[in-house]
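Work out the full structure, taking the sequences as your base and the hints as a guide.
Now for the letters of each chain:
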Amino acid sequence: MELEDIVSKYPPKQIMLIPIAIIILALISLGATYLATGSPVKLGIEFTGGTIITVPATGSEDSVAEQFAAYPLVDIRDVGNRYMMQFGHMSDSEYSELVKLANDKFESPDIRHMGPIYSKELQAQVIKYLPLSFILMAIVVFVVFREFMVSLLVVTCALADILIAAASMNLTGVELSLGTVAALLMLIGYSVDTDILLSMRVLKRKGPVDEKIIGAMGTGLTMAGTTIAAVISLIVISNFLYLIVPSFTRMDVIADMTTVLIFGLVVDVINTWITNAQGLKWYLGRPKKAGRGQKK
Amino acid sequence: MSLFENLSKDNRVVLYAIVVALAIISIGLFGLKFGLDLEGGSYLQLQLQGAEAQIDVSPEDILTYQFNATSIEKRAQGYVLMVPGKVQPDFAEDLGYIGAKTIPGENSSKITISAAPETIVINFLKDSLDADVKLNVDVSPVRYEILTNVTRDSLNALLAPVGGKVPEGEDTFVEGVTDQTMIDTKKVLDSKLNRLGLQDIKVKSVGNKFIMIDMAGADVAEAQEIVGKPGKFEIRIYTENNESMHVLYGDAVQSVDIPEKENNVWGVPFTLSEDGAAAFQKAAIDSGATKKPNDHEIAMYLDKDEIFSAPLAPELASSLKKTPSRSMRATVGAGDEGAEKAKELNIHLREGALPVNVEIVGSGQVSASLGDQFKVQMVIAGLIALLAVAGMIYYRYREKRIVLPMVFTSFSEVVMMLGVWAVAGKYLGWQLDLASLAGIIMVIGTGVDQLVIITDELMKGGEAAASSAQRTIKERAAHAAEKAGVGKVVATTSKVYLTRLSRAFMIILGAAATTVVAMLPLLFMGFGALTGFALIIILGVILGTFIARPAYGRIIGHILGTN
Numbered sequence: 023m024e025l026e027d028i029v030s031k032y033p034p035k036q037i038m039l040i041p042i043a044i045i046i047l048a049l050i051s052l053g054a055t056y057l058a059t060g061s062p063v064k065l066g067i068e069f070t071g072g073t074i075i076t077v078p079a080t081g082s083e084d085s086v087a088e089q090f091a092a093y094p095l096v097d098i099r100d101v102g103n104r105y106m107m108q109f110g111h112m113s114d115s116e117y118s119e120l121v122k123l124a125n126d127k128f129e130s131p132d133i134r135h136m137g138p139i140y141s142k143e144l145q146a147q148v149i150k151y152l153p154l155s156f157i158l159m160a161i162v163v164f165v166v167f168r169e170f171m172v173s174l175l176v177v178t179c180a181l182a183d184i185l186i187a188a189a190s191m192n193l194t195g196v197e198l199s200l201g202t203v204a205a206l207l208m209l210i211g212y213s214v215d216t217d218i219l220l221s222m223r224v225l226k227r228k229g230p231v232d233e234k235i236i237g238a239m240g241t242g243l244t245m246a247g248t249t250i251a252a253v254i255s256l257i258v259i260s261n262f263l264y265l266i267v268p269s270f271t272r273m274d275v276i277a278d279m280t281t282v283l284i285f286g287l288v289v290d291v292i293n294t295w296i297t298n299a300q301g302l303k304w305y306l307g308r309p310k311k312a313g314r315g316q317k318k
Numbered sequence: 110m111s112l113f114e115n116l117s118k119d120n121r122v123v124l125y126a127i128v129v130a131l132a133i134i135s136i137g138l139f140g141l142k143f144g145l146d147l148e149g150g151s152y153l154q155l156q157l158q159g160a161e162a163q164i165d166v167s168p169e170d171i172l173t174y175q176f177n178a179t180s181i182e183k184r185a186q187g188y189v190l191m192v193p194g195k196v197q198p199d200f201a202e203d204l205g206y207i208g209a210k211t212i213p214g215e216n217s218s219k220i221t222i223s224a225a226p227e228t229i230v231i232n233f234l235k236d237s238l239d240a241d242v243k244l245n246v247d248v249s250p251v252r253y254e255i256l257t258n259v260t261r262d263s264l265n266a267l268l269a270p271v272g273g274k275v276p277e278g279e280d281t282f283v284e285g286v287t288d289q290t291m292i293d294t295k296k297v298l299d300s301k302l303n304r305l306g307l308q309d310i311k312v313k314s315v316g317n318k319f320i321m322i323d324m325a326g327a328d329v330a331e332a333q334e335i336v337g338k339p340g341k342f343e344i345r346i347y348t349e350n351n352e353s354m355h356v357l358y359g360d361a362v363q364s365v366d367i368p369e370k371e372n373n374v375w376g377v378p379f380t381l382s383e384d385g386a387a388a389f390q391k392a393a394i395d396s397g398a399t400k401k402p403n404d405h406e407i408a409m410y411l412d413k414d415e416i417f418s419a420p421l422a423p424e425l426a427s428s429l430k431k432t433p434s435r436s437m438r439a440t441v442g443a444g445d446e447g448a449e450k451a452k453e454l455n456i457h458l459r460e461g462a463l464p465v466n467v468e469i470v471g472s473g474q475v476s477a478s479l480g481d482q483f484k485v486q487m488v489i490a491g492l493i494a495l496l497a498v499a500g501m502i503y504y505r506y507r508e509k510r511i512v513l514p515m516v517f518t519s520f521s522e523v524v525m526m527l528g529v530w531a532v533a534g535k536y537l538g539w540q541l542d543l544a545s546l547a548g549i550i551m552v553i554g555t556g557v558d559q560l561v562i563i564t565d566e567l568m569k570g571g572e573a574a575a576s577s578a579q580r581t582i583k584e585r586a587a588h589a590a591e592k593a594g595v596g597k598v599v600a601t602t603s604k605v606y607l608t609r610l611s612r613a614f615m616i617i618l619g620a621a622a623t624t625v626v627a628m629l630p631l632l633f634m635g636f637g638a639l640t641g642f643a644l645i646i647i648l649g650v651i652l653g654t655f656i657a658r659p660a661y662g663r664i665i666g667h668i669l670g671t672n
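Residue numbers (the numbering used here), protein chains in the order written: chain A, 23 to 318; chain B, 110 to 672.
Careful, some of the hints might be misleading.
[To be verified] DSS-like cross-link-like pairs, simulated, lysine-lysine; straight-line CA separation at most 30 Å:
no.: 1; chain 1: A; residue 1: Lys64; chain 2: A; residue 2: Lys228
no.: 2; chain 1: B; residue 1: Lys431; chain 2: A; residue 2: Lys142
no.: 3; chain 1: B; residue 1: Lys142; chain 2: A; residue 2: Lys122
no.: 4; chain 1: B; residue 1: Lys313; chain 2: B; residue 2: Lys391
no.: 5; chain 1: A; residue 1: Lys142; chain 2: B; residue 2: Lys274
no.: 6; chain 1: B; residue 1: Lys311; chain 2: A; residue 2: Lys150
no.: 7; chain 1: B; residue 1: Lys341; chain 2: B; residue 2: Lys413
no.: 8; chain 1: A; residue 1: Lys228; chain 2: B; residue 2: Lys604
no.: 9; chain 1: A; residue 1: Lys150; chain 2: B; residue 2: Lys604
no.: 10; chain 1: B; residue 1: Lys183; chain 2: B; residue 2: Lys142
no.: 11; chain 1: B; residue 1: Lys341; chain 2: B; residue 2: Lys430
no.: 12; chain 1: B; residue 1: Lys430; chain 2: B; residue 2: Lys391
no.: 13; chain 1: A; residue 1: Lys122; chain 2: B; residue 2: Lys235
no.: 14; chain 1: B; residue 1: Lys274; chain 2: B; residue 2: Lys235
no.: 15; chain 1: B; residue 1: Lys341; chain 2: B; residue 2: Lys142
no.: 16; chain 1: B; residue 1: Lys484; chain 2: A; residue 2: Lys122
no.: 17; chain 1: B; residue 1: Lys370; chain 2: A; residue 2: Lys142
no.: 18; chain 1: A; residue 1: Lys142; chain 2: B; residue 2: Lys295
no.: 19; chain 1: B; residue 1: Lys296; chain 2: A; residue 2: Lys122
no.: 20; chain 1: A; residue 1: Lys150; chain 2: B; residue 2: Lys295
no.: 21; chain 1: B; residue 1: Lys274; chain 2: B; residue 2: Lys142
no.: 22; chain 1: A; residue 1: Lys127; chain 2: B; residue 2: Lys295
no.: 23; chain 1: B; residue 1: Lys296; chain 2: B; residue 2: Lys341
no.: 24; chain 1: B; residue 1: Lys413; chain 2: A; residue 2: Lys142
no.: 25; chain 1: B; residue 1: Lys183; chain 2: B; residue 2: Lys235
no.: 26; chain 1: B; residue 1: Lys311; chain 2: B; residue 2: Lys295
no.: 27; chain 1: A; residue 1: Lys122; chain 2: B; residue 2: Lys430
no.: 28; chain 1: A; residue 1: Lys142; chain 2: B; residue 2: Lys311
no.: 29; chain 1: B; residue 1: Lys296; chain 2: B; residue 2: Lys452
no.: 30; chain 1: B; residue 1: Lys311; chain 2: A; residue 2: Lys122
no.: 31; chain 1: A; residue 1: Lys122; chain 2: B; residue 2: Lys183
no.: 32; chain 1: B; residue 1: Lys313; chain 2: A; residue 2: Lys122
no.: 33; chain 1: B; residue 1: Lys604; chain 2: A; residue 2: Lys226
no.: 34; chain 1: B; residue 1: Lys311; chain 2: A; residue 2: Lys127
no.: 35; chain 1: B; residue 1: Lys235; chain 2: A; residue 2: Lys142
[Said to hold, decoys possible] Cβ-to-Cβ under 7 Å is the rule here; a few derived chain B residues that face chain A:
no.: 36; residue: Asn350
no.: 37; residue: Gly473
no.: 38; residue: Met501
no.: 39; residue: Ala638
no.: 40; residue: Leu639
If you are wondering where the hints come from, they were derived from the structure by calculation, not from laboratory data. This structure is a prediction, so every number in the text was calculated from the model and none was measured. C-beta atoms are modelled at their ideal positions from N, C-alpha and C, and glycine is treated no differently.
What follows is the structure in structure tokens.
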């Protein structure tokens, strides 16, 4: 069986190269983006401020764009049956005029306007709440296991998941939005599930460590499978359905959210069953104080 | 005993069945309310521009600066100032010192001000910022609430000429407004929007400086206009046969003071412009109110709604016969009720002007047709997700008897969540928005995970998992039971069964707790945009962990055991 090989066949140092390589690549990506833009991921319009208007696709992109030529139109995209236009900063009066124009010329336009105060506040919130969320999760993990090394392993794996998921945004061009922040928080909560399962099984059951890990793996992979299945169905519906059914529209929030989640979930499989599993093997197999968790 | 009989005696299963039944009833009874992004409408995000600050300043220095005073003497009731030159009597009143007495002399004038030290600070700030300033005595040391856009630096610059400053430290300058101001502002907006007869408006506060307004059936241009535009205030006077005639509009009201109590009766003092006072006198005489005040009440209207009506006070009625009166007082009543009414009238007299400067920081509109389309897309996504999850489970267990209860439990968790949402929608105004629908789908994905943990733990599936595809459930269950030394099947009452179940729940509780704490921050960030997402996930985790999964543990135990 291939999956068992991951746990026992290859030497730990060799197998650990996979997650280490991924995390290094992720850090490089985050660092490079930070150096280039001043933020580890590309900030979406909610964090930079601006206006998004989507209107029914009544003519060609160019003809629609032309109607808004008097305003700072940054980008126009076809999102299935509708055009999505992004505008840069405007004065309040300009914005009011733009809103009137959109409402006059088009049936049921969709408008979202984020002023500079809004986006600044949002940035401050993310910087405050994302780490807070992580710390709360770490506290829960330490309370659950009450064993430093085991908890540290779980928390480290979760951190790696989040960093890699964030780096995946740079890879796929997904920008940081409220939706993607929600996805990262979701990953903080979710990524430790399988780690907890693994650690519990290994610590609380009797038997050889490798066997217990392989046992937990069956359960854990099913868990990952079901969640990935749910996420993939959301990806298909939000991202691609409009290409098949012309009357449907791309759901941006969901699309961005699920893109981050899928990377996080896949990388969580690697981190749980390689990083965390190897870590546990090493911890329990140490010559002297080994296996403290199993003693009564 | 049959499976059904067995289960109907199990408290957890019974509780689960009751909750699911109640959920279905409440969905049927209350229906589900959808959010703005699915129903269409527009929204505004307002920032209340205010701050609270401690201020270190000596009132004497302020007075010296304001009056150019040569000497200041502090008395029990206030201050006595000597000011060079001949000072006009209304100079002090213009600076906001109501009731100041000025005795002008040739070389210097004597001004007596009756004001507490804090009042002097407030007057100074009001005058230099042209904004409302209040004293917050609920905190210690007291803080000044400044109802306009200020920063620590701008305040310090303002205080520099009078030798004052905001002390160093984090608590000495806090952006945002007090709870009371937030409540007042919300009230003004509420009453303003309700008076316009707009339906389905939600005004909610976020933290201490933001207010979100949702309006169904208005485009964002209209919404902005409504919030920015003051109401239309009018005073009319009753003539004959319950008819009334116009006296003046809100533009003739020059200023409105805060409510005050006189002989235990609350009233709102206000001042009319000269033209306004003349119009008022003429109308009072023409209508006959000066002769028979009780037959010709004075009525006040805001946007066509009568908000106040009372006869002229006898003294005012008789004085109006001769001269116009600029300062008026609308009396409303005694006690707490009077105080409340006075407060409301005060708001109305200000034509629904907000007690604090607001800035629209974000706004938008969602089209109803797009919302409908998203609803359909999300239902499709939910069903596909459920099918995909079912497919994964079947791939793993290859057993109808496990897959069906699992999918059913997962589906019932969704039903329970929606049931709670329906009740909360009815009583708390919770809505299902696009993000919370996505949350439901996430809960389907993670909820099944927990069911997998329970199932595997009960089957001691760990060891068997690697070769799951080759072996049947029965074999695995038997194998596990044998190893555990309890005969062929794991009886649901056996100790082994219970230990395994509790071990599964330790894992589940740990996982549930981490998900909940990770979601907590979302309740507070993003101006409420993701509150629904976070709430539904937390709710799903709680309902799942404490109601659905314990019942599932029993049911699957019976199914695996009774064969």
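So, going through the hints one by one against the coordinates:
A hinted pair counts as satisfied when its Cα atoms are at most 30 Å apart, and Lys64/A with Lys228/A does not qualify at roughly 48 Å. At roughly 60 Å between alpha-carbon atoms, Lys431/B and Lys142/A are farther apart than 30 Å, so this suggested pair is violated. Pair hint Lys142/B plus Lys122/A holds up; C-alpha atoms about 29 Å apart against a cutoff of 30 Å. Annotation: proposed proximity of Lys313/B to Lys391/B is violated, straight-line Cα distance about 44 Å (limit 30 Å).
Only pairs whose Cα atoms come within 30 Å are accepted, and Lys142/A paired with Lys274/B is accepted, the gap being roughly 27 Å. Of the pairs offered as hints, the one joining Lys311/B and Lys150/A holds, with about 28 Å between alpha carbons and a cut-off of 30 Å not exceeded. For the suggested pair Lys341/B and Lys413/B, the alpha carbons sit about 8 Å apart, so the restraint of at most 30 Å is met. Of the pairs offered as hints, the one joining Lys228/A and Lys604/B holds, with about 17 Å between alpha carbons and a cut-off of 30 Å not exceeded.
Among the hinted pairs, Lys150/A with Lys604/B is inconsistent with the structure: their alpha-carbon atoms are about 47 Å apart, more than 30 Å. About 62 Å separates the Cα atoms of Lys183/B and Lys142/B, which puts this hinted pair outside 30 Å; it is violated. Between Lys341/B and Lys430/B the alpha-carbon distance is near 29 Å, which keeps this suggested pair within the 30 Å criterion. Restraint check for Lys430/B and Lys391/B: the C-alpha separation of about 9 Å stays at or below 30 Å, so the hint holds.
For the suggested pair Lys122/A and Lys235/B, the alpha carbons sit about 37 Å apart, so the restraint of at most 30 Å is broken. A hinted pair counts as satisfied when its Cα atoms are at most 30 Å apart, and Lys274/B with Lys235/B qualifies at roughly 16 Å. The suggested pairing of Lys341/B with Lys142/B is violated, with an alpha-carbon distance near 34 Å, which exceeds 30 Å. Taking the CA atoms of Lys484/B and Lys122/A, the gap is near 27 Å; set against the 30 Å cutoff, the hint holds.
Between Lys370/B and Lys142/A the alpha-carbon distance is near 44 Å, which puts this suggested pair outside the 30 Å criterion. With a C-alpha separation of about 24 Å, the suggested pairing of Lys142/A with Lys295/B holds against the 30 Å cut-off. Using a Cα cut-off of 30 Å, the hinted pair Lys296/B and Lys122/A holds, with the two alpha carbons roughly 29 Å apart. A C-alpha spacing of about 27 Å is found between Lys150/A and Lys295/B, which places the hinted pair at or below 30 Å, so the restraint holds.
For the hint linking Lys274/B to Lys142/B, the alpha-carbon distance of about 51 Å lies beyond 30 Å, and the restraint is violated. Between the alpha carbons of Lys127/A and Lys295/B the distance comes to roughly 34 Å, so the proposed pair goes past 30 Å and is violated. A C-alpha spacing of about 17 Å is found between Lys296/B and Lys341/B, which places the hinted pair at or below 30 Å, so the restraint holds. In summary, the hint linking Lys413/B to Lys142/A is not supported, as the alpha carbons are separated by about 41 Å, beyond the 30 Å threshold.
Of the pairs offered as hints, the one joining Lys183/B and Lys235/B holds, with about 22 Å between alpha carbons and a cut-off of 30 Å not exceeded. Between Lys311/B and Lys295/B the alpha-carbon distance is near 10 Å, which keeps this suggested pair within the 30 Å criterion. Taking the CA atoms of Lys122/A and Lys430/B, the gap is near 52 Å; set against the 30 Å cutoff, the hint is violated. A threshold of 30 Å between alpha carbons decides the hint, and for Lys142/A with Lys311/B the separation of about 25 Å falls inside it, so the pair holds.
Annotation: proposed proximity of Lys296/B to Lys452/B holds, straight-line Cα distance about 11 Å (limit 30 Å). Restraint check for Lys311/B and Lys122/A: satisfied, since their Cα atoms lie roughly 23 Å apart, inside the 30 Å limit. Restraint check for Lys122/A and Lys183/B: not satisfied, since their Cα atoms lie roughly 59 Å apart, outside the 30 Å limit. Simply put, Lys313/B and Lys122/A have alpha-carbon atoms about 26 Å apart, close enough for the 30 Å limit, and the pair holds.
Distance hint between Lys604/B and Lys226/A is fulfilled; the C-alpha atoms sit about 16 Å from each other, no more than 30 Å. The suggested pairing of Lys311/B with Lys127/A holds, with an alpha-carbon distance near 28 Å, which does not exceed 30 Å. For the suggested pair Lys235/B and Lys142/A, the alpha carbons sit about 28 Å apart, so the restraint of at most 30 Å is met. Given hint, Asn350/B at the interface with chain A, is violated; its Cβ is 45 Å from that chain's nearest Cβ, farther than 7 Å.
Below 7 Å, beta-carbon pairs count as interface contacts, and Gly473/B has one with chain A at about 4 Å; its hint therefore holds. At about 4 Å, the closest approach between the beta carbon of Met501/B and any beta carbon in chain A falls short of 7 Å, and the interface hint on this residue holds. At about 5 Å, the closest approach between the beta carbon of Ala638/B and any beta carbon in chain A falls short of 7 Å, and the interface hint on this residue holds. Below 7 Å, beta-carbon pairs count as interface contacts, and Leu639/B has one with chain A at about 5 Å; its hint therefore holds.
In summary, the structure is inconsistent with hints 1, 2, 4, 9, 10, 13, 15, 17, 21, 22, 24, 27, 31 and 36 from the numbered list given earlier, while agreeing with the others.
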